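Visitor: Sequence:
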Amino acid sequence: MAKSLPDPKKLTYEEALEALESIVERAESGELPLEEAMAEHARGEALLQRCRTLLEGAEAQLRSFDQPATDASDEDSA
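Residue numbers for the sequence shown follow this note's numbering, beginning at 1387 and rising by one.
Treat the hints as calculated values from the structure; they're not laboratory data. Computed from a predicted model, the values in this text were never measured in an experiment. Each hint should be verified, as a subset may be incorrect.
[As the list claims (entries may be wrong)] Estimated spans, in silico, between C-beta atoms of each pair:
(1) 1438 / 1411: 19 to 25 Å
(2) 1451 / 1420: 44 to 50 Å
(3) 1422 / 1393: 15 to 21 Å
(4) 1420 / 1400: 27 to 33 Å
(5) 1453 / 1404: 29 to 35 Å
(6) 1423 / 1399: 22 to 28 Å
(7) 1416 / 1443: 33 to 39 Å
(8) 1410 / 1453: 34 to 40 Å
(9) 1412 / 1453: 40 to 46 Å
Backbone N, C-alpha and C fix where the C-beta goes; we use that ideal spot for every residue, glycine too.
Using the sequences and the hints given, assemble the complete structure.
Guide: Have a look at this one:
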């Protein structure tokens, strides 16, 4: 991991997921030296958190789309 890697907080969901999958593949190969494996693990945690944050945001946005329709139908039935 000598090259500079982008900040996980600046990645899209797809970019973060692709980077995370790459880390998993390298870890499963069993060929990483211990220090590099530890660094990859830390980066993987950051990437996983980024994916979760983006998914939670998307879920909240989808719920907000459903909310006005639910409120309007409640008012119509009153």
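Visitor: Take the hints in turn and mark each one as holding or not.
Guide: Hints, verified against the model:
no. : hint                    : in the structure
1   : 1438 / 1411: 19 to 25 Å : 20 Å, holds
2   : 1451 / 1420: 44 to 50 Å : 47 Å, holds
3   : 1422 / 1393: 15 to 21 Å : 19 Å, holds
4   : 1420 / 1400: 27 to 33 Å : 30 Å, holds
5   : 1453 / 1404: 29 to 35 Å : 32 Å, holds
6   : 1423 / 1399: 22 to 28 Å : 25 Å, holds
7   : 1416 / 1443: 33 to 39 Å : 35 Å, holds
8   : 1410 / 1453: 34 to 40 Å : 36 Å, holds
9   : 1412 / 1453: 40 to 46 Å : 42 Å, holds
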